[in-house]
Amino acid sequence: MKISLNWLKDYLTLNDSPLEIANRVSLTGIEVADVEVASDGLKKIVVGHINEITNHPDSDHLKVCKVDVGENEDYQIVCGAPNVAVGQDVIVALPNSRIANNEKIKKGKLRGVESMGMICSLQEIGFSDSVVPADYKDGIYVFEEEVIPGKEVYEYLGMDDAILDFDITPNRADTLGMNGTAYEMGAIYDQKITIPTPKVSETDELSSESIKVTVDENTLTRQYRLRVIKNVHVGKSPMWVQIRLWNAGIRPINNIVDITNYVLLEYGQPIHAFDMDKIAGKNIHVRNAYADEKIVALDQQEYQLNENDVVIADEEKAIGIAGVMGGQSSEVDENTKNIVIESAVFDETRIRKTAQHLNLRSEASIRFEKGIDNSATANALDRVAELVTELADGQALSGQVVGTELPVNDIVIDITTDKINRALGLDISIDDVLEIFERLQFKTSVKHDVLEILEHLQDKDNKKKDVISVEVPPRRWDISIPADLIEEVIRLYGYDNLEGTLPVGRQTIGTRDEKERFGNKANEEMLANGFDEVISYSMVDQDSVNDFQMTAGKITKVAWPMTNDHEMLRTNIIGGLLTTVKYNLARKQKDLALFEQGRVFLSNDSKRPEEKNYLAAVLTGQVGDKDWHHEERDVDFFDIKAALENVLQRLNKDVEYTLEATDEFENVHPGQSAKILVGSKTVGMIGKIHPYYQQQNSLNDTFVFQIDLDEIYALAGKENVYEPISKYPTISRDIAMLVRTETSSQDIIDIIKEKSGKYLTDIKLFDVYQSKTIELGFKSMAYHLTFQNKEDTLTDDQINSDFDKIIKNLQEKIDVEIR
Amino acid sequence: MSLKDDLEKLKEEGLKNIAESDEPSELNDIRVRLLGKKSPITDALRQMKDLPAEERPKVGSFANQIKEEIANAIAEQQAEFEKMMIEAKLKSETIDVTLPSHKTKKTGTMHVLHQIIADIEELFIGLGYQVINGSEVEEDKYNFEKMNIPKDHPARDMQDTFYIDDELLLRTHTSPQQARTMEEHDFSKGPLKMISPGKVYRRDTDDATHSHQFHQIEGLVVDKNITMSDLKGTLEILVRHVFGAERKIRFRPSYFPFTEPSVEVDITCFACGGTGCKICKGTGWIEVLGAGLVHPNVLKNSGVNPEVYSGFAFGIGPDRLAMLKYGVEDIRNFYLNDVRFIEQFKGEEA
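Chains as they are written, first to last, in this note's numbering: chain R, 1 to 819; chain S, 1001 to 1350.
There is no bait here: all hints are sound.
25 Å max Cα-Cα, derived SDA-like pairs, lysine to any residue: (1) R/K353 x S/E1167; (2) S/K1346 x R/G530; (3) R/K653 x R/L715; (4) S/K1141 x R/W560; (5) R/K675 x R/Q694; (6) R/K557 x S/H1210; (7) R/K515 x S/Q1130; (8) S/K1281 x R/A33; (9) R/K419 x S/R1252; (10) R/K557 x S/D1152; (11) S/K1281 x R/R24; (12) S/K1199 x R/N546; (13) R/K282 x R/S398; (14) S/K1199 x R/S544; (15) R/K2 x S/G1282; (16) R/K353 x S/R1202; (17) S/K1151 x R/A291; (18) S/K1278 x R/D40; (19) R/K813 x R/V678; (20) R/K612 x S/R1202; (21) S/K1199 x R/A714; (22) R/K419 x S/N1225; (23) S/K1151 x R/W560; (24) S/K1141 x S/F1187; (25) R/K753 x R/K790; (26) S/K1189 x R/I509.
Honestly, the hints are just simulated from the structure, not real lab data.
When you get a sec, could you build the whole thing from the sequences and use the hints?
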């Protein structure tokens, strides 16, 4: 809310500079986002009186004006505005002046005719289009009240006022009106605020004879009041009203509408004025809208309502959307004579929902949504009547017509200084606390009665435990519990007076949960293997969401996605990594080793998607840089496999993982991919991205793996057991064989292990060979086997017999030729 | 010539030869010649039997002395050769130490947001906090209702939240973890002190300062007699740890449905130290996080008696911290992962 400092000064004395005020308010109450003085940066802009106008010799639309700008001689100024006329008082930017957007105006010639400056529109001196009155929207501004030529325009237009932009939190909607703001400022500056009670001079005629009102209970309306004012003269508002409106960001329209807006700003109470003569039957009915009921609102738009909306209706139709916007059919216009003024409190939630589904937010709906002072409805209505009788010559009929008025009471909250101090860690005296409530203009009473003290706190004779009963007026509807009062005390006492301490009390042990530590180990290992960590988006597009999903299942969609790119919860991490790879490739970053650990969302039968922690990595480009002693090399399957092995080893060294070649993963090369198995359970996948997929996505050769960390975590590792280092020597044997190309190394190792005897400790593949000298369909594989007896020296005989068994087993199990 | 003179001559010649020898093989020849079985000294010793008995010991000891002198000279010369050889070898092995190193395996870089989170985790672990990870898909009940944001609260507008269905949503903050840990905590075993980092989601249009996905770290302490001063002291430690020891903090009143009183926390600008600059928009202060005392309703909703227990809670935005600390101008950098961005933060790990 834009708060005018000049307006505030109607309520209290403020001698600080606008910036000092803003700072103090920010630290005590409400954040002041900005302080603006409209005239800042403007220079030499004065009132001019147009004495004479002649046509421009070389232009149809330009006029040559003689303008009194307070100098001895009139200035000649060329003006192109359609509404310029003799006798007007206008805004003149003199030569060497500065107007909006830091633009300088100089003496110059327009089509050959000298012009001593420029006659300005409001927009040209910095007014927003949205506040400029309709008459001056497309032309220059013309002063409506007496002004002195040559004087600067700022004060006449309210541009010298400092406007504080209050960034109001939802709980402090009480400051969405000047009265409420004044109370807040009064508390901060310790000044008592008095809001004058409006005085309405009424005629003898009763309002209730002119208009009747029925309020349906199911509309949840809490207050509904009307007044009738007859014989109004619709016209322009005085400048002081217009200035206050436009400084608050509201466009002046006519005196009646302006007064409703003025009181909205003053009381925070939305007000609506109906043209009484357009109300059919003089019976106002506040009711729920009918299904599919339609109404054309003041903004000329037709809205389709539903039964959850509340309308103000006459005997024929809805004439207003309650709390949101009036209807066009009963609009006040220049011919209006008699008006009905409405001041009401509607239900917050219903207004919010209506504003939301109609996508129509107004100054009124914003206030109703956040709540308004339920005790101010009557006074606000009288204030309108007072102003309309004063400024529009209306005759207010006697009394208010009340449709409904639920009781509005102060809330009484009991609190003790002990409670306050215990919450804050301070030692504030009861006198200080009472003083703060006085500044807030909350009534207090202190209960010293020993019995009552006992009743409240089972303690006595301690002033700290005296119970302070605080009466919170309805204008502060945000306060309802002791914690709210504690906040009032500390903010006014000053947060700066808090001395930082640390919680005392029992010691606790700081820990990470085991699963997080497990995940961190994986990350550390990936970093050690040279992979950079990335964080990609959890929400992905529909087309790619299951490209690298490891387990079948439904996909989770969010209800109202912002964009198609982010509408499904990811089921895998490889997809996000590939997006990152593409992003980098587009920026000429080709050698990439990336990993990410994060949640994937797998939908099974339960409603809630299962969140699993996955780790995935991607490798593309070249290993190492080509430099003075290194050749770079394209990465391959065995590079990503190395990282996978390292991370698996780090996570759980006791578990045996095997890779099983597979072609079951879509989008992965069928000849270069594998399932990562523990026993028969799949815990991950590894492979090269399918060439077709690579081509479609403009990827180079790219290798990935992805593992389910939760599954691996669940495979409990054994405790480390120490084993003394054997002093007995190892013996090794090499074995070379010709096998069919499709025989995997894993097959061979499995067979070797099967009949290896008890001394085989290690198997290493040291050569794989395929060439023309080898029969087509075969390859040569050579393994280095290590044997050791940890308790005794092995003899060649023992090893020979084990070795023979291994060879025999190989020969029996597979088509193998030992070389 | 006496035998002694012969020996003297032998010695002189031998020492001269040794000193003049050029290479180890030559020295070896000298050694064989002078000290071997057929050497003149051995011969001389053999001739001793022809000497009178009283002279024998004298000549014998003289001969042995010569032998020793020659042996020493050979050893010295030998050592000299070895030294020369080593020097030659060292010389031949000399490299240009300014050549680029073998960069066979560079280490990776941890994502800067995770560095910040890990750093803050370490700090709070040291202060006795547990680190707890929550779910990213959350129930409406925990994300909102238990956090004192009942149905129809303006903060629950559809435009702010990614709902999955009526009950499930992507958490909009890490605060639901407050309720979840309070419900599980056994207060008879001592206070609850926890932080909970993680991803959160809001229906924001991605731009330089908004991201539909970002991170938060929730902090919560619940015990008897937890105060606003405790909150201030704790946050002082936090901001000084993250932004430097000379940082001051201040509280400003604010509003969150789940805390009362609620505050925004500002720190003195780390760029200008509080005098006012572009980064702090001339105010000398920068807003870094929101905090407050746990709202009694939040305690109640999680089965904790607000008459007995009180607590404080705070929410940190690692994205915002990283942007402030490193001057990152666009939040999307954190999620687009240009490797040139990622790798800039190498070595910043806690």
